[in-house]
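Engineer: Residue-level listing of the chains:
Protein chains: 4
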Amino acid sequence: MDYTYAPGRNHLFVPGPVNIPDQVLRAMNRNNEDYRSPAIPALTKTLLEDVKKIFKTTSGTPFLIPTTGTGAWESALTNTLSPGDRIVSFIIGQFSLLWVDQQKRLGFNVDVVESEWGRGADLDVLASKLAADTAHTIKAVCIVHNETATGVTNNLATVRKILDEYQHPALFLVDGVSSICALDFRMDEWGVDVALTGSQKALSLPTGMGIVCASPKAIEASQSAKSLRVFFDWKDYLKFYKMGTYWPYTPSIQLLYGLKAALDLIFEEGLDNVIARHTRLGTATRLAVEAWGLKNCTQKEEWFSDTVTAVVVPPYIDSSEIVRRGWKRYNLSLGLGLNKVAGKVFRIGHLGHLNDLQLLGCLAGVEMVLKDVGYPVKLGSGVAAACAYLQNNIPMIPSRI
Amino acid sequence: MDYTYAPGRNHLFVPGPVNIPDQVLRAMNRNNEDYRSPAIPALTKTLLEDVKKIFKTTSGTPFLIPTTGTGAWESALTNTLSPGDRIVSFIIGQFSLLWVDQQKRLGFNVDVVESEWGRGADLDVLASKLAADTAHTIKAVCIVHNETATGVTNNLATVRKILDEYQHPALFLVDGVSSICALDFRMDEWGVDVALTGSQKALSLPTGMGIVCASPKAIEASQSAKSLRVFFDWKDYLKFYKMGTYWPYTPSIQLLYGLKAALDLIFEEGLDNVIARHTRLGTATRLAVEAWGLKNCTQKEEWFSDTVTAVVVPPYIDSSEIVRRGWKRYNLSLGLGLNKVAGKVFRIGHLGHLNDLQLLGCLAGVEMVLKDVGYPVKLGSGVAAACAYLQNNIPMIPSRI
Amino acid sequence: MDYTYAPGRNHLFVPGPVNIPDQVLRAMNRNNEDYRSPAIPALTKTLLEDVKKIFKTTSGTPFLIPTTGTGAWESALTNTLSPGDRIVSFIIGQFSLLWVDQQKRLGFNVDVVESEWGRGADLDVLASKLAADTAHTIKAVCIVHNETATGVTNNLATVRKILDEYQHPALFLVDGVSSICALDFRMDEWGVDVALTGSQKALSLPTGMGIVCASPKAIEASQSAKSLRVFFDWKDYLKFYKMGTYWPYTPSIQLLYGLKAALDLIFEEGLDNVIARHTRLGTATRLAVEAWGLKNCTQKEEWFSDTVTAVVVPPYIDSSEIVRRGWKRYNLSLGLGLNKVAGKVFRIGHLGHLNDLQLLGCLAGVEMVLKDVGYPVKLGSGVAAACAYLQNNIPMIPSRI
Amino acid sequence: MDYTYAPGRNHLFVPGPVNIPDQVLRAMNRNNEDYRSPAIPALTKTLLEDVKKIFKTTSGTPFLIPTTGTGAWESALTNTLSPGDRIVSFIIGQFSLLWVDQQKRLGFNVDVVESEWGRGADLDVLASKLAADTAHTIKAVCIVHNETATGVTNNLATVRKILDEYQHPALFLVDGVSSICALDFRMDEWGVDVALTGSQKALSLPTGMGIVCASPKAIEASQSAKSLRVFFDWKDYLKFYKMGTYWPYTPSIQLLYGLKAALDLIFEEGLDNVIARHTRLGTATRLAVEAWGLKNCTQKEEWFSDTVTAVVVPPYIDSSEIVRRGWKRYNLSLGLGLNKVAGKVFRIGHLGHLNDLQLLGCLAGVEMVLKDVGYPVKLGSGVAAACAYLQNNIPMIPSRI
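One line per chain: the protein sequences are A, B, C and D, in this order. Per numbering that gives the first Met the number 0, the first sequence starts with residue 0, numbered consecutively. Per numbering that gives the first Met the number 0, the second sequence starts with residue 0, numbered consecutively. Per numbering that gives the first Met the number 0, the third sequence starts with residue 0, numbered consecutively. Per numbering that gives the first Met the number 0, the fourth sequence starts with residue 0, numbered consecutively.
Just chain A, same shape as in the assembly:
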């Protein structure tokens, strides 16, 4: 059943699904249970309270949906919008592109703002669109917080600032799939109306839970939204929340216990420490890339992503060969370049349950792979650059002092 055995650990550096903590694996290693017994509602109640913290919201309503990020997107859109609604959406890479594709196929009138891949969403265009929209025909602004394909982080605070500037009532819908629990995200402060993530990203769980959080304004919108929906309908959830049984259909018992364990670890580390760790790992990665003489796909520092780095390879190298080679020789899993940047970039995911020495092992591996495929890297250079930074910045482990 394990087709591709190799000695030692797999070095998993795709930007999701990411490494699962042993504590979470243990929590999930269990039989099914009756989800209508008092135990599961009690657990769910705790989870719904706890999960709000990772969104930094007190007023939001979370939904733990047995689906993926793609389903979470659909949940966000269909519950708040009606077919034909005008929305502004940005394409800056493969995942924002896929979201826009979904938005169109679900029947919305999508006003697409495209950027060159490697750049952030063009918020000036957003500003002019909002400024022009005095009739408030724009019903929602949809944006990915972090584009996983290019390693670009958009500035959500600025989006809110623009919305406020024009006193525009559009809903503010955020794909936080590769950001929430890893990057600084503030649902209430930034007035985000729907934010969402997937369990297999910074939460470090298996795939299978779409975590969606809705502001009161989004909940209100859901009462009149006309998009047809059942599986993703918040109404059914809210009905069962009220009854105290919580689940309109069967949840994954294992993922619920896993989520509890994952949140416990995040809170034990401290959410802000988790975010600081991602900043550190992202910085170290970028220093290595620089030392290798390679370019970050992300064009400006303001957009640098602390969860994934897309590295541009020289034109004479096929970046897919780097990914293949990593897997076939070093048991190293890197991310492919996708669509427009296929063959041109490879990606190092550095999110979730991960520490410095794991990353350094990956960076050493990338160096050998680069050499394998003909890039004249100085072996050790990236690791040296990362270590010089890390050795000054890694904190002591609080539980061990």
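Derived by calculation from the structure, the hints in this document are not laboratory data. Here the structure is a predicted model, which means the values were calculated and not measured. Glycine included, every Cβ here is placed at the ideal spot set by N, Cα and C. Don't take every hint at face value.
A short, non-exhaustive set of chain A residues, derived as facing chain C with CB atoms under 7 Å [stated by the list, open to error]:
1. ASP21
2. ARG25
3. ASN28
4. ARG29
Only pairs whose alpha carbons sit at most 27 Å apart, straight line, appear in this in silico DSSO-like list of lysine-lysine [claimed, not checked]:
5. D:LYS128 <-> D:LYS103
6. D:LYS225 <-> C:LYS225
7. B:LYS52 <-> B:LYS241
8. C:LYS234 <-> C:LYS44
9. A:LYS103 <-> B:LYS225
10. B:LYS339 <-> A:LYS234
Position chains B, C and D against the provided structure of chain A, taking the given hints into account.
Structural biologist: Structure of chains B, C and D alone, referenced to chain A:
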């Protein structure tokens, strides 16, 4: 994290989620992986071939969707039908009722045929509707194979016979959630167009995978169906099947390996032996119910379900109290009566990874619960009746002879 | 790797190794760790304190030895005695016989007191030996608390009474392998000098840890005992206890965490409740045996064991066939008759992580097996007898009220 | 229960216990079983055949004893020797010292040959002792293949050569704890009479199984050896081997299944490939040490160990501080210096289930630790040196080509 500890095993006799084999728990006890490495497509390819066997189809196309049974329903409907399409659907209990609710909310024109709860779908009415529909305005016949709320199994062969009799081209959509892998189900022979189940039922996995299988005719219908859909869209799956990467979005690595293990066990036992085991456990349960002097909610033998038995309690007893008592005193998980039969029936699920002595422990527990709540059961009577049958019918374990 | 697959759970009713709670399996599902880091000593310190509670001692010194019950025996003997020392020891079944065999092979002068198998240790003979031994040549009295082969529990309080009566200074060494954590055991109150058990018995862990507890008097004896020993030498443990690193050689990390989880569950249930549960399960089993018209191997009620029941079969039946049949047809694991009672008894172990419905499933299975092998049992009779008692005696589950 | 949480994986580089493969963890994640059912003997039989391969013996008899390496030592000695027997034994570090301590305490007349720590066993002295011993008073030569405290590998082929040269009949007893399954070891070719290892070393299992293999000559010796023993007595094992039930007392079910999985992985990789991997990892480590400007505790290349490297630190640094720091800041577990080399060396274990990128992460971590404690290492230097070698020497993963 375990709020409700009790010594010894939980006796899980709800009709899903059901007991997971240790072999499957072991297979799922693993870290995430890159789903774009060659390993996961290779595994998926095997799974898609293997999973057809549980549907008894060679021409069908299976989809392993990260969702629940409710999502699988939605996938079946939205891929084959367009809003406004007329469909015939049956309400015979809570789950068929919920499916009809979904059908309506998704915009179909649902021609509902209701039966008293405890009876099967009224196929005479189906026959007359099809007979009258010479214009072929009926686009689909939707039916649950086994109604989990009442323990009623519908006769699908008869449905096909009726469709054939009137040479009606309607699609034949089947909810096999509490039947497939436990009851006799023959997709190709019965000309079923879409069949579906959920991982947490007879497959004995955690919740989180909706398994949908589409006939060539259903696949063809999906090309013109106008229901808006993205997450559930087969088109995206088919595109990735063709590319050999299989996944339009991230699957649960753990459920894939778990499904492999679950199918391996089913094939090791032999699917027909699995079905025979369910017949045996269902029969034993019904003999116990009879010995207790209680009535099966299912009114006729032809509809008896071998996966779940709904037991009618005397009017002076609240069946919910039986379920509560089982859990609070005996670590026994039984199914509640739902909706119209709430308080009137309790349910014994006897599907999935289960054997005779487990069932007998449950039956002994039910007897004590019945006595607890004031029903004058003769302790041991149900177990005796079940044993008398089982001792003559349990086969030797082939691997141990 | 699983040679003998059968659907559903194995019904494990041998008197050890016993069922492991899922919580313990989860706790043990972990990688190795450096046992010289601060984490393992901290855990060990807690364990050594906690484990004293199951011996009901405050003055004893526990040792968690990577071995089995046989090794724990050897540890008890070689640390407290010198070759040639006279000891009184009882043979009442296979395990006490094996302990005596060990005592002889380790060079002690064993004064053996034999009883018919099915009877307890003859304490009158002990009394006369102690009375006669005014020179105090007897260095130790060795006794099994519960003989696992025959289901006989010896009265340890009486042993202490006799020792006190003659003011005899002999050490009091107790094999508590199938008693501690299941039967009433009071190390301090009964003045036991060494008591021991194995992890796979009532503690419900995997095999691999011998748990030995020594009184101050035993510790003192160990300073002059001349039996050669290294692996089992308490001296090495005590040296490392003093240093605070605890381990003279590598422990099983997994068993340490498992022991913590197992003790936590025992304390959550309450040790006295655990013992009461065993009394209840033992009583129910004996009522079933009586209902079947079969005899308990144990000849008098005062010796009845609440952890294992040896059932005598009629002479025309080979009890081994019962065990084989249970395994081959019902996935039921019963204990064989050993040595003198081979073929004559089969054993039902009812100790450890076990509850009433599990036992009832087993009893129903035994009934069918009995019928299979030609014993004219009335099916349901044992279950009925057990249920009549249990339904009056099972407490509500405290965490669920 | 997890006292010392830190994000990401623990980097386990002590020379045992080592990292357990996920496949092995999965295989061990299981309930207890009746070890007297046919399943466990069948499994055991396979294991006893398979385990011979890691000793490279066809004539040896293996014993899988529920104990640790210390117990395995005791088993080797007490089964083949009688108190007072003269044996030659070498002290070259802490573990050989402890074995000699055991030998003395077990009553043997130990002729100790000491070397400076960091040097191998002085085989010239062995030669002269054997030469002088024309009366064959020397009953055994005891030697550790690999001294885990100093990272010194003794040349066993030379030992055999010397024994043969003097046609000396002494038994040849080998501690292979940190060698077998990692270093080249040839029981039959080198005429080793007893070889032993522990499960938690290169086999990459949890602690708890001492694996001992005896040559026909050793088995013969065991029939007359007068050392008192029961738990460790091969006689009991052999008796049960003959009966086909295999176990004189209860084994760990989990470790048996774990051993099967561990051996399967070793055979899948190929034992010689496993050994080659250890050579590669050892070489890479030594290159890093050299690049850091530090000295290997092992004084000559002929003794270099491919399973553990003891690194000498400058006198102004306390090596224990390095270990502490690694654990407290980097989640890196290194080995302490022991006894004579306490404070002077730290150890990098590079054995068992481990690959190149894991090692490189460790080496990067060691560099940062060295800098932390005031050693002027050039960050990246060791990794660069290791990578330069590894990038030329790592083979493609056969299952992935």
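Engineer: Next step is simple, just say for each hint if it's right about the structure.
Structural biologist: Hints versus structure:
1. The beta carbon of ASP21 (chain A) is positioned within 7 Å of a beta carbon in chain C (closest approach about 6 Å), and the interface hint is therefore held.
2. Of the supplied interface hints, the one on ARG25 (chain A) holds, with its beta-carbon coming within about 5 Å of a beta-carbon of chain C, less than 7 Å.
3. With its C-beta approaching chain C no nearer than about 5 Å, ASN28 (chain A) sits inside the 7 Å limit, and its interface hint holds.
4. The interface hint given for ARG29 (chain A) holds, since its Cβ lies 6 Å from the closest Cβ of chain C, which is under the 7 Å cut-off.
5. For the hint linking LYS128 (chain D) to LYS103 (chain D), the alpha-carbon distance of about 19 Å falls within 27 Å, and the restraint holds.
6. Distance restraint check for LYS225 (chain D) and LYS225 (chain C): the Cα-Cα separation of roughly 16 Å lies within the 27 Å cut-off, and the hinted pair is therefore satisfied.
7. At roughly 21 Å between alpha-carbon atoms, LYS52 (chain B) and LYS241 (chain B) fall within 27 Å of each other, so this suggested pair holds.
8. The hinted pair formed by LYS234 (chain C) and LYS44 (chain C) meets the criterion: a straight-line CA distance of about 17 Å does not exceed 27 Å.
9. This hinted pair checks out: LYS103 (chain A) and LYS225 (chain B) have alpha carbons roughly 14 Å apart, not beyond 27 Å.
10. For the hint linking LYS339 (chain B) to LYS234 (chain A), the alpha-carbon distance of about 22 Å falls within 27 Å, and the restraint holds.
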